[in-house]
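Produce the entire structure from the sequences given, and follow the hints as far as they go.
Just so you know, the sequences run in chain order B and E.
Counting from 1, one number per residue, gives the positions in the first sequence under our numbering.
Counting from 1001, one number per residue, gives the positions in the second sequence under our numbering.
Rather than coming from a laboratory, the hints here were simulated on the basis of the structure.
Heads up, a few of these hints could be off.
[Unchecked claim] In the SDA-like style, the derived pairs of lysine to any residue whose C-alpha atoms are separated by at most 25 Å in a straight line are: (1) 1101/E to 1026/E; (2) 101/B to 1112/E; (3) 101/B to 360/B; (4) 101/B to 222/B; (5) 1101/E to 1242/E; (6) 101/B to 1139/E; (7) 1101/E to 1032/E; (8) 101/B to 2/B; (9) 101/B to 374/B; (10) 1101/E to 139/B; (11) 101/B to 1131/E; (12) 101/B to 1137/E; (13) 101/B to 1026/E; (14) 1101/E to 1112/E; (15) 1101/E to 1297/E; (16) 101/B to 459/B; (17) 101/B to 1138/E; (18) 1101/E to 1090/E; (19) 101/B to 77/B; (20) 101/B to 29/B; (21) 1101/E to 132/B; (22) 101/B to 34/B; (23) 101/B to 3/B; (24) 101/B to 1021/E; (25) 1101/E to 138/B; (26) 1101/E to 1033/E; (27) 101/B to 1135/E.
Quantities reported herein were computed from a predicted structural model and do not represent experimental measurements.
Chain by chain, the residues run as shown.
There are 2 protein chains.
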Amino acid sequence: MSSPLGVSFIDGAEVRASGPAFHAVDPTTGEQLEPAYAECGAAEVVQATAAAAAAFEVYRRTTPETRARFLEAVADAIDAIGPDLLATVPAETGLPEARVKGETGRTSGQLRMFAADLREGGWLDVRIDPGDPARSPAPRPDVRQRSVPVGPVAVFGASNFPLAFSVAGGDTASALAAGCPVVVKAHPSHPATSELVGRAIVETLAAHDLPAGTFALLHGAGNELGEALVTDPRIAAVGFTGSRGGGLALSRLAAGREVPIPVYAEMSAVNPVFLLPGALGERAEQVATGFAGSLTGSGGQLCTKPGLVFALDGDATDTFLEAAARAVAAVPTTALLNPGIGEAFVSGVRRLGDAEGVERVAEGDTAEQGPAVPGRPALFTTTGDRFLADADLAAEVFGPAGLVVQVRDEDQLHQIVAGLEGQLTASLHVGAADTDLALDLLGRLELVAGRVLFDGWPTGVEVNHAMVHGGPFPATTAPGTTSVGARAIERFLRPVAYQDVPAALLPPELHDDNPWRVFRRIDGRADTPTQETS
Amino acid sequence: MSSPLGVSFIDGAEVRASGPAFHAVDPTTGEQLEPAYAECGAAEVVQATAAAAAAFEVYRRTTPETRARFLEAVADAIDAIGPDLLATVPAETGLPEARVKGETGRTSGQLRMFAADLREGGWLDVRIDPGDPARSPAPRPDVRQRSVPVGPVAVFGASNFPLAFSVAGGDTASALAAGCPVVVKAHPSHPATSELVGRAIVETLAAHDLPAGTFALLHGAGNELGEALVTDPRIAAVGFTGSRGGGLALSRLAAGREVPIPVYAEMSAVNPVFLLPGALGERAEQVATGFAGSLTGSGGQLCTKPGLVFALDGDATDTFLEAAARAVAAVPTTALLNPGIGEAFVSGVRRLGDAEGVERVAEGDTAEQGPAVPGRPALFTTTGDRFLADADLAAEVFGPAGLVVQVRDEDQLHQIVAGLEGQLTASLHVGAADTDLALDLLGRLELVAGRVLFDGWPTGVEVNHAMVHGGPFPATTAPGTTSVGARAIERFLRPVAYQDVPAALLPPELHDDNPWRVFRRIDGRADTPTQETS
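This is the structure in structure tokens:
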């Protein structure tokens, strides 16, 4: 077992910055955790980005196969430190062992998915329009397109996914796959976890003889580090998962640069759920149990937590609400991720409870000796009229709290849908009699959310090729992209056209004979290489 | 022949706005042209965007085949008004008939390209990851992804492409192909051209029984109209081709909205050309003639005009410069597009001529009775030292003027390349002895420009599947995109994932049996439908 030492990593070296020290806090016990971490500042940012810019010149020219093997080795290294992570992550986050095991597997799994995709090559978006010297009145040029990496990427670790959206999470994996060096700002609430994973990446880079500057990990608890990183001229793009305030602040900084850069911020959502009458008529209790599980799992601290439920007034909705209240009341209070999130949760629950026309229908089970940062589940209800009258009721409460809105009729439901902000997800529970209403809502919700799902819960985001973890503002700052799944790589690529470039100078993937056997489009038509025979 | 009436089009109706009147000016004669056009304002914007939002609900649900036929009919209609355009465009722009004919063909051609692509369906980006109810520990959900249109798009007509980047130009064609209604702000220097093309679209919409609100054309000469359009909450994205100042102003407005939207602005470039020693040794005269033609064609008013040339000091470069000076001196003064561009050109040429260490080596031929808005070709030269010392020398001069930089050695060349801003294009002229230097420069320039071309000139942008007309800031505000070619459609689409949606409710392109026979990815692997048998 390797122990965290309290270091950052820059250009392959352990770095103890000279800034003020900070400690993580165990949200279960309230204890300050060791080791201390020193705050990185402008000097460390310059060192890390200069190393990243130098590494970019080498790393961007590595073959997809080289990067695939590197990502697979990082995945193996993360799996190998599973026991260390089990000893570290729960203390820093309050998350249970089962969740840590699952998230470790997701993290290594998504690294392996990008490795496989690197080999398939569709991400290169190769397009070849062959020339025609005989075309009249002017010869047709030979034009070939591929994608190139944008440059060093800054990644902000998220508090709520200490592995899958942090140091070696989806943003890092997709940027490294694209050929971009990564400078990570570790989330200050899990620095030791970040160090363990960062060390795995640093050691794997060295073992694969790749430039050490390809990866850096910087610790910091204040805003200065992030600001210095986003405004550094060597940084070409930013990946962020966190609060709306944080994402918007980084976006403003990035837009104000001499050369503006994109910030891919996944910020916030309430993930509305629509319980249609047929579904509740058929299985109100079952839906209620599923809802309570999704609402309170991981302490309700998931980007896709279903925070808002809409159901039409009626007996079946009453049955659902009673069952949901019972289920939520039976969920024990768990530790939230850190004291800041704990305070925001308490204030969010108070805001809901104090709102006009909002009734609290359940509070979670609380033991005598609760966690130091308690997340006590809470369920509220209100009417469609009140919901429409009070825009604050649609705001996210991060943690295990939700609001069930009892809607008067379908007209009011449509009015509510028309006023929804952009969302990561929207869910429908549908019975046999609900087809018409479901089809109508599907057609509306596909304009509101990045993912629409039926008869399930939005938490538990599958990492695959079709997933979209994104959505219209304010769910994200870049609705055309996803931060989970294969297409996440596209955020860190840019198309380049090569016109009449001599064959000897073309990059391999643009050669006529397709040596990497990647998927291509010839004159716009798909051209899938046959399997290589051995 | 139909005559322009001086009208805007909103929701299918001719509209005479109540704002102040303005007239286009014939830049050849200086005459004010008829008819007058009334400035549209906030009232017309609200009418047009409300109609567009209503039309979106219908238009976005049309099949790709329906939109393909519509785009083909618009292409036919534009070809059919060719004689009207020949009577109108030259007077409003000073552009010669041959250019108008060529641009008409390009405009209808790109509409037809999008029609063909709509049928092929790769743009839908369909990805299917089939579910597996038996997966342990949790069932694997069925996830299917497609692209949906973002909503009504505002398009700003460009002054320098009265057809191909204006009312029915690339932005409009790609947005309409994507399923987005379009509200065009016509460029005030060619309102009658805009009206003719706008009428062709309006009439084609009606003939195809598509919602009239799918297209609107608004006239205006001031900034208010554009500001109202970009800040209208119903507008979901903006396409713009024009000046850096204009693009940045629109971007700021869009970023400051309650819901920010993307501005796809193609703004400016000097399109550096690198003349390598071998090429000049082999064919200095030929290169010089080609350069003069590309520099001064269309009055030098193309986004891809090669405004900066770099060549290493030496005899061959002297030969090139002398030949280029002769060739430029032989080019007659032509009319520039409008008085504003004429004034900016005069001031840009004066700035270059007055700059320290810059020498004017040629002025174009000028007749006694020149055009009212004269664009007199001009060629300047300077040293690599001066170029590095004076950042203003790298700024675009819109019009037929260029600067040849005589570079001391390869080290200085690399220093210059490292300091280049983002560009639409970079060109290399290469001889047999230049391979190493060319490969090195190619590797650097692919990070600087959206298109790198060999032994040719950047003007004359091929419209095809592999073209990139884009590039790093400040060439564009969205380096991951292109405004010419098939991938332009991606700017107006957004991915959506459908999870466990019952087959009966899925959109057709996500059905297992692929009724539209579109290209798809199944579990990440390309799946090209076989040709349909009849």
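Hint check:
| no. | hint | in the structure |
| --- | --- | --- |
| 1 | 1101/E to 1026/E | holds (19 Å) |
| 2 | 101/B to 1112/E | violated (53 Å) |
| 3 | 101/B to 360/B | violated (34 Å) |
| 4 | 101/B to 222/B | violated (30 Å) |
| 5 | 1101/E to 1242/E | holds (22 Å) |
| 6 | 101/B to 1139/E | holds (18 Å) |
| 7 | 1101/E to 1032/E | holds (24 Å) |
| 8 | 101/B to 2/B | holds (18 Å) |
| 9 | 101/B to 374/B | holds (23 Å) |
| 10 | 1101/E to 139/B | holds (18 Å) |
| 11 | 101/B to 1131/E | holds (23 Å) |
| 12 | 101/B to 1137/E | holds (13 Å) |
| 13 | 101/B to 1026/E | violated (73 Å) |
| 14 | 1101/E to 1112/E | holds (17 Å) |
| 15 | 1101/E to 1297/E | holds (15 Å) |
| 16 | 101/B to 459/B | holds (17 Å) |
| 17 | 101/B to 1138/E | holds (14 Å) |
| 18 | 1101/E to 1090/E | holds (11 Å) |
| 19 | 101/B to 77/B | holds (14 Å) |
| 20 | 101/B to 29/B | holds (22 Å) |
| 21 | 1101/E to 132/B | holds (22 Å) |
| 22 | 101/B to 34/B | holds (23 Å) |
| 23 | 101/B to 3/B | holds (19 Å) |
| 24 | 101/B to 1021/E | violated (70 Å) |
| 25 | 1101/E to 138/B | holds (14 Å) |
| 26 | 1101/E to 1033/E | holds (21 Å) |
| 27 | 101/B to 1135/E | holds (18 Å) |
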